[in-house]
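There are 2 protein chains.
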Amino acid sequence: MNNQIKIGIVGYGNLGRGVVAAIEQSTDMEIAGIFTRRAPESISVHNPNLKVLPISQAEEWKDEIDVMILCGGSATDLPEQGPQFAQMFNTVDSYDTHAKIPEYFDSVNKAATESGKTSIISVGWDPGLFSINRLMAEAILPKGETYTFWGKGVSQGHSDAIRRIEGVKGAVQYTVPIENAIESVRSGENPELSTAEKHLRVCYVVSEEGYDQAKIEKEIKTMPNYFADYETEVNFITEAELKEDHSKLPHGGFVIRGGHSGEGNKQIIEFSLNLDSNPEFTSSVLVAYARAAYRLNKEGQTGAKSVFEVPPVYLSPKSAEELRRDLL
Amino acid sequence: MNNQIKIGIVGYGNLGRGVVAAIEQSTDMEIAGIFTRRAPESISVHNPNLKVLPISQAEEWKDEIDVMILCGGSATDLPEQGPQFAQMFNTVDSYDTHAKIPEYFDSVNKAATESGKTSIISVGWDPGLFSINRLMAEAILPKGETYTFWGKGVSQGHSDAIRRIEGVKGAVQYTVPIENAIESVRSGENPELSTAEKHLRVCYVVSEEGYDQAKIEKEIKTMPNYFADYETEVNFITEAELKEDHSKLPHGGFVIRGGHSGEGNKQIIEFSLNLDSNPEFTSSVLVAYARAAYRLNKEGQTGAKSVFEVPPVYLSPKSAEELRRDLL
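Chains as they are written, first to last, in the numbering used here: chain A, 5 to 332; chain B, 5 to 332.
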């Protein structure tokens, strides 16, 4: 028996692979197993010591795994897996359907409270680190406005929407924050800005041979909800260019609060991320919060939590004394 | 009896006045009294309802005050007042002598543990919000470097050092982060940078009549510890200009972590502040953490804490449900 925190991973897509990479950077954790719905032998992992197991066997690992990191999607995987795994394991997930978070929290909370486990939901950067910054900035400067900008980064939902258009062979959509809007917010002017006034949508599209590019461009730009309300730029490129220049998943963004104190002194708080790899960063956040879930559970703090309820000290492998001495 | 959190303020300088202003923006708090070592009648407060009392009477308010915010300085006030008030009250302070934080924590912790009170030490932005960001960024991206830049802002210590030079009538020193250094850090290059390579020192000086400005300038630029190692700019101005253009106390800065995930993807986390009034902002942070001290104590979490041990949810007057619904 060693003292490493034993982590299980449910789901081996971009997020799951990112969790493996993040744990390899962590001195106090190790991977007990990867659980998948696919045939385990169909999954290739770079490290031959990693066990890949059918998800149906997860329950047998109840006593071997300290925290299960759920790497499934919010649409169909997590609403089922969240409460199901919370009956057996401490869990961490990146549930991000904002409107349904209260409902999801309740269902995971019920399961985790009954099992005496600790589940931290909606972990990542938004929801996650951005949320913490919104909360803290508003609590510190109650008079003011908070702005969230996303990008520059790939939006999977918008890229998929373009790919569904007839005659489109491939597409990537970048959400790009508008520089003038950021500058206005940073100056403390607290402008009124809609989401569309804060972001451009820049599309790189590969068309099928024989299709009218002007027609495709018009179809994109007039697509309701996704593009119609936004300034949208459409660029046609070759399939080779798409693969060469647009296969990474960068992202990032800004949370800025323009507040006032005393007799109208402007006070600006800003948090920003500039990420080469969105899934790898989200995974890194999940791993730090897995450490927190483990410790909260050891302390008897059971049930569902959001990032709001987690003290920063639990995220670090260092002791509170060390952290006060070196980082405070 | 109402449900407001009742706050006492010890010390009525820039910070104490900032606390009054911040509580006036808070819906769930009220000021029970201001405690001073000066003659109470010598202190003018803009609101006639505010009680100003001699510090010797503080103990009589033990049962009336939920949290005492200690607004004294770190050199001589807090080492004495911190443990003393923790014997009677929940407290929050902005102790900022980095090297002595472990010792200060221990002395406050002993007092607060014995009294069953909760004391949050070293609250503000550095130590404080910057510390939290250093901790979280390092925990999330263990491979990488963290950089702290200060400014543009007034350094009281450096301004005082100039004022002690013979022939100097008045002076203000701004610490200014070097733009190229910030850009290099933001790009993820993780350069090696000393404090001097990150900051300029810009001085505005009023000389006494009959003194040699060139001699004063040389004395500033060669002053050990304060200026000798830095690029330092000295500007002579009139007393009227000093008063007109340099009487505010702006400050701010940046905490940037350049990390790597997976196969060398760059991930940049940045937190920054741009403050018109450094003391008013520090006070606003103190007030949010006073709310946390009150709640932690209600929960039985006694003893000394740093900002690292405080869950974000305790800073906000809103409920956890509301916060999950609106800000997560």
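Honestly, the hints are just simulated from the structure, not real lab data.
Do not rely on the hints blindly, as some may be mistaken.
Copies of one chain are not kept apart here, so a pair can be met inside one copy or by any two copies together.
As the list claims (entries may be wrong) - Pairs of lysine to aspartate or glutamate residues, derived as DMTMM-like cross-links and limited to a Cα-Cα distance of at most 20 Å, are as follows:
1) Lys156 with Glu187
2) Lys219 with Glu107
3) Lys156 with Glu325
4) Lys247 with Glu64
5) Lys302 with Glu313
6) Lys147 with Glu28
7) Lys104 with Glu28
8) Lys147 with Asp330
9) Lys156 with Glu245
10) Lys114 with Glu326
11) Lys322 with Asp110
12) Lys222 with Glu45
13) Lys55 with Glu212
14) Lys104 with Glu201
15) Lys252 with Glu34
16) Lys55 with Asp67
17) Lys270 with Glu187
18) Lys104 with Asp81
19) Lys114 with Glu325
20) Lys270 with Asp249
Okay, the hints, checked on the actual structure:
1. Lys156 with Glu187: The answer is both: 15 Å in one copy and 18 Å across copies each meet 20 Å.
2. Lys219 with Glu107: So Lys219 and Glu107 fail the 20 Å test inside a copy (42 Å) and across (71 Å) alike.
3. Lys156 with Glu325: neither (38 Å within a copy, 31 Å between copies)
4. Lys247 with Glu64: Answer is neither: 42 Å inside a copy and 73 Å across each miss the 20 Å cutoff.
5. Lys302 with Glu313: Classified as both: same-chain Cα gap 16 Å, cross-chain 16 Å, threshold 20 Å.
6. Lys147 with Glu28: between (43 Å within a copy, 11 Å between copies)
7. Lys104 with Glu28: Neither way: Lys104 and Glu28 sit 33 Å apart in one copy and 35 Å across, limit 20 Å.
8. Lys147 with Asp330: between (33 Å within a copy, 17 Å between copies)
9. Lys156 with Glu245: Answer is within: at 19 Å inside a copy they meet the 20 Å cutoff, but 43 Å across does not.
10. Lys114 with Glu326: between (36 Å within a copy, 19 Å between copies)
11. Lys322 with Asp110: Cα proximity of Lys322 and Asp110: across copies only (18 Å, versus 32 Å in one copy).
12. Lys222 with Glu45: neither (45 Å within a copy, 74 Å between copies)
13. Lys55 with Glu212: Neither: 42 Å inside a copy, 77 Å across copies.
14. Lys104 with Glu201: neither (26 Å within a copy, 48 Å between copies)
15. Lys252 with Glu34: neither (27 Å within a copy, 52 Å between copies)
16. Lys55 with Asp67: within (16 Å within a copy, 59 Å between copies)
17. Lys270 with Glu187: Within. Shortest intra-copy distance 15 Å satisfies the 20 Å Cα cut-off; inter-copy 25 Å does not.
18. Lys104 with Asp81: For Lys104 and Asp81, the Cα distance is within 20 Å only inside one copy (14 Å; across copies 50 Å).
19. Lys114 with Glu325: between (35 Å within a copy, 15 Å between copies)
20. Lys270 with Asp249: between (41 Å within a copy, 17 Å between copies)
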